[in-house]
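Q: Given next are the chains, with one letter for each unit.
Number of protein chains: 2
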Amino acid sequence: MISDLKGTFSNISNNIKRSAIREILKLTQNPEVISFAGGLPAPESFPVDNLDEIISTMLKEEGAEVLQYDATEGVTELRELLLKRYQNEGVQCELDNMIVTTGSQQGLDLVGKVFVNQGDVVICGLPSYLGGISAFQAYGAKMEGVPMDENGMSAELLEAKLIELAEQGIKPKFIYIIPDFQNPTGITMPESRRLEIIALAHKYDVLIVEDCPYREVRFEGEPQRMMYDLDNDDHVMTLGTFSKTFAPGLRIGWILGPKEVNDKIVIAKQSSDLCTPTFVQKMAIRYMKSEHFESNLKKTIDLYHQRRDVMLAEMEKCMPEGVKWTHPEGGMFLFITLPENMDALELFHKAIEKKVAFVTGNVFYCDGGGTNTMRLNFSYVNNEKAIAGIQRLAQIIEAEMAVEAY
Amino acid sequence: MISDLKGTFSNISNNIKRSAIREILKLTQNPEVISFAGGLPAPESFPVDNLDEIISTMLKEEGAEVLQYDATEGVTELRELLLKRYQNEGVQCELDNMIVTTGSQQGLDLVGKVFVNQGDVVICGLPSYLGGISAFQAYGAKMEGVPMDENGMSAELLEAKLIELAEQGIKPKFIYIIPDFQNPTGITMPESRRLEIIALAHKYDVLIVEDCPYREVRFEGEPQRMMYDLDNDDHVMTLGTFSKTFAPGLRIGWILGPKEVNDKIVIAKQSSDLCTPTFVQKMAIRYMKSEHFESNLKKTIDLYHQRRDVMLAEMEKCMPEGVKWTHPEGGMFLFITLPENMDALELFHKAIEKKVAFVTGNVFYCDGGGTNTMRLNFSYVNNEKAIAGIQRLAQIIEAEMAVEAY
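Protein sequences appear in the order of chains A and B. Take the first sequence: its letters are residues 0 to 405, numbered as in numbering that gives the first Met the number 0. Take the second sequence: its letters are residues 0 to 405, numbered as in numbering that gives the first Met the number 0.
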């Protein structure tokens, strides 16, 4: 080995921390542990039975083409189908606005790659999806958090932050927002708040990166118009994915964004992986065009709806007073706030002993806060286990509350 | 749109140029153009007929698992099978040495991400694969080229470059080498040269990044031991891919490297795309375990062998005196050197008019040299077209030589 390997690694490499969630997940490998920790879609929702025929026909009809390189922007027909879905809900967009990415994680990475220099400021919610924060921090982003209320990122506090930064001569590169069933909180931003934040983006001349992995997995309430749609003035780029509506193991995501930005994204993607696997893109085209896409999506929504209901009902039944949680209208996560001085990390270690797991909320706070919060996934665990898991968790919290007065 | 979009893009985004080859390929879209320009494997070599059954069985036996997220390092069984192939030829390697990447282009990107800061020096051959150069330049690499002879990168000139850099207090981050059937030259480095370069890496305390996309596509001559194998002292990391031995549209590559480096690569990959698509990895596992893998590889080798022979024979027959070319023992490319003052770019425009295309060699020279060279792909075009294309090309060169005395 060379003498100073450590000194050979790049700033980027030194910027990236190993995911805290990943470390937590290792502790939850024991099959006896009931884990609310992961962010896995339910495998029961994957269209295993439909794919055999779809692929068989695809190979017959398209042959070698499905195994060849394709355009960096993505297979044209897939881009058109994705656009069509947006256009059907009234969104103004054209082919140049749409790029296929290798999962929406690559979308986040490419956004970081194309915009962030070491030390640049990026604004995100307190808390926010760790994979987004990590992707931006890798390129040297200094994350500035803005607290959330029950309607998502506070517009008032966002403006205060933008003023504070402007006074220091700092213009943030973009504002990162997950408006629907946010990871980790499950909170959805109503249209009024979206409009307020878009107005601030215009006023302070800043881009918005809107991350929408869960948007189509809505159980109840009214669908909200995307910020991309509400803006329609090239201040917003939206990240989408099939990971929650089709299958994560295909790694298909997309970016819907201003043409001038997409042009840079495509060049960056070319050196990142040339193109997203043609084979899975072609599968996705056929799946989208089949009757299975909409019907399976409906089944997935029904499944998660029911799992969320079971979990909420059990929490209602057994969580001690002083513990609060969100009631997401969709998505995969809910968020628990414990009494103020209770340390969720301490609780985590006790929970693992009792064979139940969650992710401590602090990992999603770029300012180190949220030590009394936790994220629970409700998409993966079946009802029986969810009930048992919530009961265990409630007992642990109750025992903890008995030790110290909160 | 925000007021100063251009000023908002990162250094990385400004570092990356749109691929010159990509621009050239746009001019070759006309189906009447016989194109030696692309780097596409022959679609006839893709195992379309074998995959239907493989996938059908996979879906039946593994179900939803093939559609779920998997480990960032890659699916364990695939890593084991890839290791096994190396171990079978005597290479010392273990599971921690092996990471699956989304094509070997992602391997190149991750190497850049993990090692290169703005202004760092990376050494490569003159000429070298453009996708490698671009991936490293994206992160700010200053590419320093070392001329090649008929045995690949010159060890003597490499040492001179290393001394020159050391005198300026500069230690390069790594030396980038494609030892087998190099892209673009088709040249293979014999073991003696490999050993000389490894000795220099030890002496000057530098890593080697060995890129082996074509290694298994050998038509004749003796297989050479990989530099990773010859070194076995953690100075070498090797990039592999299925793009030339199975299918590029799956985007499966891998990195065989020192554990300490791989640890950093995995963390970087996690924020790049979480994991390579599980579905295609699981397909690859079954394909590797089937009898088709080796037999199709043999067919691919035979096909390319024959295509190379046809092309070389035709060149022998019609190329004017003063034109030289390489005789690759494998891979997909050969390299033409024109008389010294002839400009391949000028020739390219004339060639497009006559409906034949190639890539000008200069795009592979990080020092701007090679203006009288061109790369020809022989894997994609069938024999009839290859003969016609070479005849056209020879006529154009001949006409050019008649205009000016070379």
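Since the hints were made in silico from the structure, they are not lab data. One or more of the hints may lead you astray.
No copy labels: a pair is met if it fits in one copy or bridges any two.
What the hints assert, rightly or not - Pairs of lysine-lysine, DSS-like flavour, derived with a Cα cap of 25 angstroms:
| # | residue 1 | residue 2 |
| --- | --- | --- |
| 1 | 25 | 59 |
| 2 | 59 | 288 |
| 3 | 59 | 297 |
| 4 | 83 | 288 |
Q: Determine for every hint whether it applies to the structure shown.
A: Here is what the structure says about each hint:
Taking the shortest alpha-carbon separations for residue 25 and residue 59, neither the intra-copy value of 42 angstroms nor the inter-copy value of 29 angstroms comes in at or below 25 angstroms. For a Cα distance limit of 25 angstroms, the shortest separation of residue 59 from residue 288 qualifies both inside one copy, at 17 angstroms, and across copies, at 23 angstroms. Within a single copy, residue 59 and residue 297 get their C-alpha atoms only as close as 29 angstroms, which misses the 25 angstroms cut-off; across copies the closest is 24 angstroms, which meets it. Taking identical chains as interchangeable, the C-alpha atoms of residue 83 and residue 288 lie at most 25 angstroms apart only when both belong to the same chain, with a minimum of 11 angstroms there against 40 angstroms between chains.
Figure legend: structure checked against the earlier numbered hints; the only hint not met is number 1.
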